[in-house]
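Q: Go by the hints and put chain B onto chain A.
Below are the chains, spelled out letter by letter.
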Amino acid sequence: VPPRWATDGIEGESVGFVDHVGGGDVIRIACPHCGPRNSSEFRYAGEAATRPHPDVAIEAWRDYLYVRDNPAGWTIETWYHTNGCRQYLRIRRHTVTNEISHVAPVAAAAESLAEQGSGDPGGEVGA
Amino acid sequence: MTRPEAQRLAPQPGEVIDRARPVRFSWDGGRYEGMHGDTIASALLASGVTVFSRSFKYSRPRGILTADFLDPGCRVQVDDEPNVRGAHRRVAEGMQVRPQNVWPSLRFDMKSANRGVGRFLTAGFYYKTFIKPQRIWPAYERVLSRFASGGVVSFDPRPGYFDKRYVHADVVVAGGGPAGIAAALAAADAGATVMLVEEEYDLGGHLRWGDEADRDVLAELRRRLARSTVEVLVDSAVTGRYDDNWIAIVQRSNPQAEERLLKVRAGVLVVACGLVERPYVFEGNDLPGVMLSTAVRRLVNLYAVRPGSRAVVITANPEGDAASRDLERVGVEVARTIDMRIGGSVVRARGRGRVRAVELTDGTVVDADLLVTATGWTAPTALLNMAGNRPVWDDTAARFVPGPELAPGVLATGGLVGDADTEGLIDHGREVGALAAARAAGRPEPAVRRMPPAAHPALFRSTTHGFIDWYEDVTSKDIEAAAKEGYDSIELVKRFTTATMGPSQGKLETINTVAALADATNREIGDVGTTVWRPPYAPISLGALAGRIFQPVRHSPMQSWHETHNAVPLVAGEWIRPDSYGDAVAEARVVRQAVGIIDVTPLGKFLLEGPDVPKLLNHVYVNSWSELPVGSVRYGAMCAEDGVVMDDGVTGRLSDTRYLMSTTSSGVGGVWEWLENCLQAQHPEWAVHVVPMTPAYASMNIAGPSARTLLERVVRELNLSNEAFPYMRVREGQVAGVDDCILWRIGFTGELSYEIHVPASYGLHVWSALLETGADLGVGVFGVEAQRILRLEKGHLIVGQDTDGLTTAAGAGLGRMVKLDKPDFIGRSELAQAEHPHVREAAMTLVALRPDDASCVPTEASQIIGTDGAIIGRITSSRMSATLGHSICLAQLARAAATPGATVTIRLPDGRNVTAAVCEQLAFFDPDGGRLRV
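Quick mapping for you: the protein sequence lines, in order, are chains A and B. For the first sequence, my numbering assigns the number -15 to the initial residue and increments by one for each residue that follows. For the second sequence, my numbering assigns the number 94 to the initial residue and increments by one for each residue that follows.
Just chain A, same shape as in the assembly:
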């Protein structure tokens, strides 16, 4: 099929607003700016980790870059509301039940999350 100036979606591509029927793609996140939204509006940006100063020992840097706790339980992670307010959010989520106990803008999240424990309550976003 020759390429054409499609007007009804790009065939074979699946980027953008495509969401999924199953599994963890469908949890709901209470965005502090936009209200409760499907997680398909967000991009998962990984477990929260504090970015060290680049002058630290390379081992510490690589821990930050590559090593994750990946717990079966409560964890603190970062999500980006791509199709919403475009804000980075800190989320405390249970990886087994998908229960979410806390959502806050990333900059404001450090203190309030530290009280809830588990996971790294750092104020910066991992790679």
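If you're looking for bench data, these hints aren't it; they were derived computationally from the structure. Keep in mind that a hint or two might mislead.
As the list claims (entries may be wrong) - Chain A stretches covered by chain B per the calculated footprint, using a threshold of three residues with CB under 8 Å from any CB of chain B:
1. 10 to 23
2. 26 to 39
3. 42 to 54
4. 60 to 67
5. 70 to 78
6. 85 to 92
Unchecked claim - A few chain B residues that face chain A, going by a derived Cβ cut-off under 10 Å, partial list only:
7. Tyr259
8. Glu766
9. Gly920
10. Ala935
We treat Cβ as the ideally placed atom computed from N, Cα and C, and that holds for glycine.
A: Showing chain B alone in chain A's frame:
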């Protein structure tokens, strides 16, 4: 061929057919007539057809078993749609219905030979047969694909489309029987928004084929529904329940779409799927003429079809008793009724292609063409299981019932939970509906009375072996064999025998499989346990899952011009843009010799504003941005924290605090997130606004020796001389009468060039003005392909084309840009590590290659082979350069081999080796950049 006698009964009080509206359709090549409201199976049965398919492995003739969606013998091909549930789908005028799995024909079947070799097709035959010798596998495959039981998929596009819908509902009720309807009404009365989903075409469940009192109750429920706010979906099914009550519903027989997928965020899901009647296991239980009591009641009462002429009924419950009464009422002779609550049973059904006689445990043999069984129920707990509930065995009721713990957003009512008369079911549904509405609204929750299941004899198998899974042709003997081989876990038996893995996904088969395994291993059913039900609960087509993709397609404001000038489209992420206008080589020549313009609107653009922009630029780019004067532009390369090149582009300083940043066309989304990450998460103290401007400007590049002459004709008050507006500078001004344009003097084509960003709504105007005013200069247009040639001649890399997920700044030939003396920037740690000699030497680097055969253009991704045959690199870009008269390449090459002047060997995809020389620098054309600075 002579037609068998028609089996349509006189009008029945609850019938759903419209005798005034005949429907003509074809079956297996013959012409048939049904009535509006008939299913394919009921119309055929009324015309005397009793065999609808051949079974999967043994090719046994199959007729009606359940007379509903689950009926295993009634899957047919309708026009170009395979695997249609013939006992569910209604006949429509002109439908062409064909049997499946009957090569070469329904009446004469080659595969019936398999009956003779049945012992080779027992449990686990998938795993034991056809394995060796492997070289014969293609022959096996040809034969097996002939035997596969599916229909024929058409590869022609169908008219119409699949659709999706998003819904927010307080309460979704799955199942429209009496309890489900009552729950929906009660929830709506309590103020909830309610969606009621019924698998069949009509609401009412078993009330539809009940007595007059049942029909009156149903009529009243329907009247109340019609006055309520409940949204009713029929011929639709809840296929899955996911986290946070994300409910997937497939809506069939929708006039607007083939099938529609509803994605519902529900406050509370009420599961009211009722009960599924389970078949009894005995020899000959798959013969046409052996039917469940519910099948008989549906056929007689809904479709007015006589299911046989002389019947034996074995019953252990009121539904079986009622089936017996239905048969007698419509004049079917009931030769024997065995009440299994008292004693007695069937040993085997005899006959070939149809039940002829029934052998009973008391030794008598009764002539009959219909054997009706009513031996118990299965609670289809799948939707509850998806919410974490595990079914438990109820010994008294002889069925698995929902476990005690339900997720907070999920409730159950109706036969799924327990047993009651119609009034009791409605009362329970009403209480659950009120609870659902209260829970969805966060109000105090009313109590719900318990509705326990009623006692029922535990009946699974007679003294003989018979079929457990009609779809997969699995018998109780296969389960026994699996147990003997050591498969004592139900999950393993399921996978080994494939019992429960057919299209009904266990709704008919699971309990008998569990019972047979318990029998074979001398355990209790409760100890064996049951399998886990996963989505989908009901089948859903791939078309509905794909649905319509809601994805924007982006075109530049010059799109209409491109389309009318024969542009060849190129899909680039969300954008579709001109790849060429027919002859990319000629387009490139115009740029080198005169002047060309290209539409570069997809180029990512951000307006950065604020006092801390230099800090942000210094942080995200590896090079230095501290002293960029107002009116200048600079090229920057962006790395991720692991030092891998992520994006590149130029940024111009428009004023003290205003900058325009450009990114690659495909990288714009990622860069936006990246900038926001820096500003929100890492340095919230920096005052910078990021405004995405990509589609706000129409961007075009004017390139070629005559670029200045051309642009001078359309600008006012802007001095374009090399002294006033030198290379790598930015100016703002008016172009072709359009204010607020931004002009960059940059040049990735290697020619004198200006990139102009025009307010998008004037893009076409400026584009046309340039072409009209430059006609005497020989101005031409060029597309992405010509641009690829031009920039490759200059050795400019494309991020993602000439780099990959391991290419660091040094590996991209950008090492000298990296300013490791900046106190911090993204990627600094790893880029510093990459400077270690042992890391450097082991890394790949970007080089330009000139093939020794000037006419050979090595295919991109061709490998570069070392003297020992090892892969030491690959071609990343390659084109024929008409300007230079020879082919040119960029390549990622091991540093040890990347000595200028060295010869490397390229392995082409066809296996030939060609040689190429490593060049001094990346640029093939005008390496000093003299043509840029004129």
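Q: Among the hints numbered above, which are violated by the structure, and what are their numbers in rising order?
A: 10
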